[in-house]
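S.K.: Same order as they appear, the protein sequences are chains A and B. Each step along the first sequence adds one to the number in the working numbering, with nothing skipped, and position 69 is 75. Each step along the second sequence adds one to the number in the working numbering, with nothing skipped, and position 65 is 71.
Among the hints, erroneous ones may be present.
You can't tell identical chains apart in this list, so a pair holds if it fits in one copy or across any two.
What the hints assert, rightly or not - No more than 27 Å apart at the CA atoms, straight line, and that leaves these computed lysine-lysine pairs for DSS-like: (1) 129 <-> 47; (2) 47 <-> 112; (3) 129 <-> 78; (4) 112 <-> 17; (5) 17 <-> 129; (6) 47 <-> 78; (7) 112 <-> 129.
Hints are computed from structural coordinates only; laboratory data are not their basis.
Number of protein chains: 2
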Amino acid sequence: MDPLNAIDFEKGGGIVTAIALDDATGEVLMVAFMNAESFRKTLETGEVVYWSRSRNRLWHKGEQSGNTQRVKSIQIDCDGDAVVLRVDQRGGAACHTGKRSCFFRKLEEGQWVDEGVQVFDPKEVYGS
Amino acid sequence: MDPLNAIDFEKGGGIVTAIALDDATGEVLMVAFMNAESFRKTLETGEVVYWSRSRNRLWHKGEQSGNTQRVKSIQIDCDGDAVVLRVDQRGGAACHTGKRSCFFRKLEEGQWVDEGVQVFDPKEVYGS
């Protein structure tokens, strides 16, 4: 059976939530979205392809920065509207800010504190 | 400063994605949504309150099953439209199916395989 049949793309208007975890550490790297086409491309290529809502197109993660994500495993939730991708994060950073994870701010006594690990300088990678 | 100011509720029409991790193991337990009111309630009570899209109301996780989630930490992503909650999962199961995690199906050679840990019988908890 086509594995896409278990995914409920309709509920979210054609997309599902996709959570990428670092396969080595289990850390949550980022959250984005996938549509059916991006899920198929991900299966075909073994590298994560999201659907960019802001750009309204397929987004091969790392296409600009080189920080692609190689798929190690894929899990789906009970109601089929979210997937967890365990990945090898090339370059060691998932975030456009150059941090390892997009979730670099933590709430400490009512304030967001930056606890992120800076891996690259975004100006060097994306230009200023 | 109000920590809610860093959260971009507008982009998602009043809600953000909320990912709950088991604080002890780092396992992804579930994915749901929060609006501003549910985030405030979560901060006030120390127990996770989501926004239920299907029921269109606040959802104090575990209100029926007793399997509440005590907040251990909260992280926010770079663009402020997703949060990661590390929680103590009361009862050891987050999923309405009685599994420990909602992400109990894994893709193995093109098929979804149930690898979940059954913690409770949903018929006993929710009725038939």
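S.K.: Does the structure break any of the earlier hints, and which numbers would those be?
M.R.: 1, 3
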